[in-house]
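Participant: These protein sequence lines map, in sequence, to chains R and H. Just so we're aligned: the first sequence equals residues 1 to 525 in our numbering. Just so we're aligned: the second sequence equals residues 1 to 447 in our numbering.
There's no promise every hint is true.
Pairs of lysine-lysine, BS3-like flavour, derived with a Cα cap of 27 Å [as the list claims (entries may be wrong)]:
{"id": "1", "chain 1": "H", "residue 1": "246", "chain 2": "H", "residue 2": "133"}
{"id": "2", "chain 1": "H", "residue 1": "23", "chain 2": "R", "residue 2": "501"}
{"id": "3", "chain 1": "R", "residue 1": "504", "chain 2": "H", "residue 2": "23"}
{"id": "4", "chain 1": "R", "residue 1": "456", "chain 2": "R", "residue 2": "504"}
Residues from chain H that keep clear of chain R, each with C-beta distances beyond 10 Å, as calculated [stated by the list, open to error]:
{"id": "5", "residue": "5"}
{"id": "6", "residue": "335"}
{"id": "7", "residue": "411"}
{"id": "8", "residue": "437"}
Don't read these hints as lab results, they were simulated from the structure. Remember, predicted model here, so these are calculated numbers, not experimental data. Each residue gets a CB set at the ideal place from its N, CA and C atoms; glycine is no exception.
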Amino acid sequence: MDRVARALVGTDQCGPTSAVDGRRTAAEALVDASPDLPPETRLLLEAGASAIVRLAGELPRGPAPAAQRCPPEELRSCSAVMGSILREMLLGEQGELLPLAVVELRSGGFALPAELLPVALACPKAQRELLAPVLGTRGRWLAGLNPEWAWAAADRSDAEDSPPADALRIFQEGSLEERRTVLAQVRRHDPAEARVWLADVWGQERAEVRQTLLQALEDQLGPDDEAFLEGALRDRSALVRRRAAHLLRGLPSSAFAERMDGRSAPLLTLRRPDIAVKLRAAVAGHAPTGDLLVTLPRVFDPEWAKDGIAEAAPGGLGRGAWWLSQLLAATRLTGWTERLGETPEELVRSLRGSELAGPVLDGWTAAALRQDARAWMPPLWDLWRRLGAKGILTPRPQAALLAAMDRADAEARLCELLGDGTVIVELLEALPRPWPARVASIYLDGLDRWLDRLSKRRPQNDDPWLGSLRTAGVALPSSHLGRASQLPPPTGAPNNWYGGKWRKAFTIFTEAIDLRQRLAAEMRG
Amino acid sequence: MPVTRQQVETLAQDSGALSRAAKLAQSSSWTGLGRSEQACWGECRGSSIYQVRVDLRDLVSACSCPVRRQPCKHALALLLLAAAEPGALSPSAAPEWVAAWLERRAAAAKARAERAASPSAGKRPVDSAAQAKRAAERAERVAEGLEQLGRWLGDLVRVGLASVEESSPGIFEEQARRLVDAQAPGLAGWVRRLAELPLATPDWHERLLEELGRLTLLLRAYRRRDALPEDLQADLRQLIGWKVTKERVLAEGARLRDRWQAIAQEVTEDDRVRTQRTWLLGHKSGAKALILRFAVGSRRSFTEPLHLGEEFDAELAYYPGASRQRALLAARESVPTQLSELVGGQSIADLRAEVSRALARQPWLDRFGALLSGVAPTLSDDGALRLVDETGDHIAAANVDPFLLLALSGGAPIDIGGEWDGAAFSPSLTVIDGRAHRLRPKPAKRG
Numbered sequence: 001m002d003r004v005a006r007a008l009v010g011t012d013q014c015g016p017t018s019a020v021d022g023r024r025t026a027a028e029a030l031v032d033a034s035p036d037l038p039p040e041t042r043l044l045l046e047a048g049a050s051a052i053v054r055l056a057g058e059l060p061r062g063p064a065p066a067a068q069r070c071p072p073e074e075l076r077s078c079s080a081v082m083g084s085i086l087r088e089m090l091l092g093e094q095g096e097l098l099p100l101a102v103v104e105l106r107s108g109g110f111a112l113p114a115e116l117l118p119v120a121l122a123c124p125k126a127q128r129e130l131l132a133p134v135l136g137t138r139g140r141w142l143a144g145l146n147p148e149w150a151w152a153a154a155d156r157s158d159a160e161d162s163p164p165a166d167a168l169r170i171f172q173e174g175s176l177e178e179r180r181t182v183l184a185q186v187r188r189h190d191p192a193e194a195r196v197w198l199a200d201v202w203g204q205e206r207a208e209v210r211q212t213l214l215q216a217l218e219d220q221l222g223p224d225d226e227a228f229l230e231g232a233l234r235d236r237s238a239l240v241r242r243r244a245a246h247l248l249r250g251l252p253s254s255a256f257a258e259r260m261d262g263r264s265a266p267l268l269t270l271r272r273p274d275i276a277v278k279l280r281a282a283v284a285g286h287a288p289t290g291d292l293l294v295t296l297p298r299v300f301d302p303e304w305a306k307d308g309i310a311e312a313a314p315g316g317l318g319r320g321a322w323w324l325s326q327l328l329a330a331t332r333l334t335g336w337t338e339r340l341g342e343t344p345e346e347l348v349r350s351l352r353g354s355e356l357a358g359p360v361l362d363g364w365t366a367a368a369l370r371q372d373a374r375a376w377m378p379p380l381w382d383l384w385r386r387l388g389a390k391g392i393l394t395p396r397p398q399a400a401l402l403a404a405m406d407r408a409d410a411e412a413r414l415c416e417l418l419g420d421g422t423v424i425v426e427l428l429e430a431l432p433r434p435w436p437a438r439v440a441s442i443y444l445d446g447l448d449r450w451l452d453r454l455s456k457r458r459p460q461n462d463d464p465w466l467g468s469l470r471t472a473g474v475a476l477p478s479s480h481l482g483r484a485s486q487l488p489p490p491t492g493a494p495n496n497w498y499g500g501k502w503r504k505a506f507t508i509f510t511e512a513i514d515l516r517q518r519l520a521a522e523m524r525g
Numbered sequence: 001m002p003v004t005r006q007q008v009e010t011l012a013q014d015s016g017a018l019s020r021a022a023k024l025a026q027s028s029s030w031t032g033l034g035r036s037e038q039a040c041w042g043e044c045r046g047s048s049i050y051q052v053r054v055d056l057r058d059l060v061s062a063c064s065c066p067v068r069r070q071p072c073k074h075a076l077a078l079l080l081l082a083a084a085e086p087g088a089l090s091p092s093a094a095p096e097w098v099a100a101w102l103e104r105r106a107a108a109a110k111a112r113a114e115r116a117a118s119p120s121a122g123k124r125p126v127d128s129a130a131q132a133k134r135a136a137e138r139a140e141r142v143a144e145g146l147e148q149l150g151r152w153l154g155d156l157v158r159v160g161l162a163s164v165e166e167s168s169p170g171i172f173e174e175q176a177r178r179l180v181d182a183q184a185p186g187l188a189g190w191v192r193r194l195a196e197l198p199l200a201t202p203d204w205h206e207r208l209l210e211e212l213g214r215l216t217l218l219l220r221a222y223r224r225r226d227a228l229p230e231d232l233q234a235d236l237r238q239l240i241g242w243k244v245t246k247e248r249v250l251a252e253g254a255r256l257r258d259r260w261q262a263i264a265q266e267v268t269e270d271d272r273v274r275t276q277r278t279w280l281l282g283h284k285s286g287a288k289a290l291i292l293r294f295a296v297g298s299r300r301s302f303t304e305p306l307h308l309g310e311e312f313d314a315e316l317a318y319y320p321g322a323s324r325q326r327a328l329l330a331a332r333e334s335v336p337t338q339l340s341e342l343v344g345g346q347s348i349a350d351l352r353a354e355v356s357r358a359l360a361r362q363p364w365l366d367r368f369g370a371l372l373s374g375v376a377p378t379l380s381d382d383g384a385l386r387l388v389d390e391t392g393d394h395i396a397a398a399n400v401d402p403f404l405l406l407a408l409s410g411g412a413p414i415d416i417g418g419e420w421d422g423a424a425f426s427p428s429l430t431v432i433d434g435r436a437h438r439l440r441p442k443p444a445k446r447g
């Protein structure tokens, strides 16, 4: 019986030990020098002595693990100051500055400092794409040592992209999230294969699962998917039908699109300008505009429901208008330019006088966003701006359109607004970052003027300039940081809650600008 | 002595404090800024006006704000400002409130030094007869307590350790209380810590038996203490719980003057006491020293700052004993600066040999500070971190994020300061390309 076992059972139970049998360790031999001790004391002394012997004589067990050495770094390394600024952005209170800072690191050819790599590799999924290029050789090497960081590993060879070897097993047995991920991987690799996998399990799955897995088809959506999606339109679940309809709306030529054309075409007609209108337009010096005549659908065709059109309207909305918006949202925009023979600008302009401009605009906007119809976006945006209405299908139509339209168009529109001294925080937030130089200049001019007259201004609850500062601090391009840091602080602001809010917001703004300037200065060396 | 941003970062208790301070580190937030050879000062406009002063020789600060834990954000802000814009603090004569503070500090330092030089000065004349009587009484009570502890240990093993799983932690608490009553607080703490062992590791029975055995050895050694060398007797008395006063250490302890590097630091919390263990390594002597500090109750900062990763000239006074581990900072002789290079590292084999020698002198030691040189952090097949040196020798490393060490080193050999407890090395500090990296996670901010 060994020592621990004897201690566990208790020396009373073990009886006398034959102390001298077998070989005695040096520690045990020490205890033998005092033969009159009771057995429990002997045991304790042996244990204590051998504990000390073990501590004093610790030796490595087995051979050393094989060395893992990182290849030399190809990117430039950050200074200590850059490291502490970036730490603040990754872990501290300046998280909003991270995306721009990373873009600047990339353009300067820097890698994240080594001490921040474990944090960066453990970042939320949404940040992976942003951080991957600044991980450097060291980061990719490190990722290879931890299976959880496979997304960033050096020998990635599309580890993320290409499906794992046991993809089919995971798809059949995994959790819903695993199945969705693996199906998305297969889809990227071989769209048809993914569709076959989906079709194989389609009959046995719950509605929630069908709806989730169906999303995989969004990637690389093509004409081959049509038949499957048409089948899904007859699904038992309304959620699945709606998802399938949404997908079908992304296919420009399909039976679905034909059906929608047929339903929508009679609803909108163009009345050509008569001679009087033409004459008036010629005198005023602009092109003559026709009027768009809008007919509301009177009855809900049950066939529409199969294509994902909802019958019940949200509160406060006429049913006819609601059906109209949805039908237009599902209809090809190219159909209108072909059928009515006008450009998108003309068509949108012809809508101006209509009482039903709202629902049509809502439908067209949803269609333009879904079909990525860039030519439609600027005129639609202009009309939303004119009407000042809210969208139903697209809750923030102006911001959504601005974010989706061509940069030059978006820039021109924002500059015009800012030039008039109008700031709409929501739009500034939607603008891709960093802001284009022109927007930044006009914004800073406007802000300067606003600050200048702040003392005379009446307190206002949602001062848009005040609201825009936070976004500006993180979105101004690096070329404009110097200019931003020279803005006069709002010292003359009134000594009330309004002035207080301004001073606070301005402090946050200057801190962001200051931190970015320090980082930029460090990067220049 | 110019202040650097790195120094300020080292001083800050957490990055939150630092970023709060950064907001105030602009000359527009300050009035009456100034500096002298000894100190810098200024008045910070916050929710009211706070008077902030920092002694530049040791970076100890004082502020009129309600935050008691120093350095507060105002003091950090002042130092950040001094680091970023030295010109903002013009040399001038210290105002009254700064000068008075510096005088109070100087007076306190002088009083400490005098007390150290002549321990009896300034105290009531000692009634040596009464003192001897109290000492004899305590020795007797300790002896009784130790006898009782011996019986308790014997009973545990006679009945069998199998019952401990159910009776822990009660039996340890109770026995610890008895030892407190017997005026043996050192042993009381040891016994109380035994309660952490059951079920903590798969081999906890063996660990517990080893600890009980080491206690038994200590009891036997104490019983025949008269036969032991004097310095080992001193160790035994400290392990049992006799306090050695600072004055005595300063007066009698072996002195060593060197440039000291703070190579490892651990902070543990126990009830209301925070204990900070800092290991120092001397440049010239290669000697090591353990500085213990305690913070009790609500005032949770350690009296005099001592930061991992800095170095300074100082004279140490070692506590009496054969172990020659624990020491006091007798006198600081320079402002601490951030380490940019580690000096005096040892190989893994050297550490092992040193541990053996130390245990031969004082067998109850269980922690050893060390600076391992040229060890490559490496993951073994089971995912555990090991430090491997160029000869292929290797030891286990624990209590650290393995991927942080791998990220910093890239798998290449580096120098690592830390603490060895017989089972694993706890990395605390490394310096790479002139930059010190602290490897211990900072304790979470409280309150």
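Participant: Determine for every hint whether it applies to the structure shown.
Facilitator: Verification of the supplied hints:
no. : hint            : verdict
1   : H:246 <-> H:133 : 23 Å, holds
2   : H:23 <-> R:501  : 17 Å, holds
3   : R:504 <-> H:23  : 12 Å, holds
4   : R:456 <-> R:504 : 19 Å, holds
5   : 5               : 7 Å, violated
6   : 335             : 20 Å, holds
7   : 411             : 4 Å, violated
8   : 437             : 6 Å, violated
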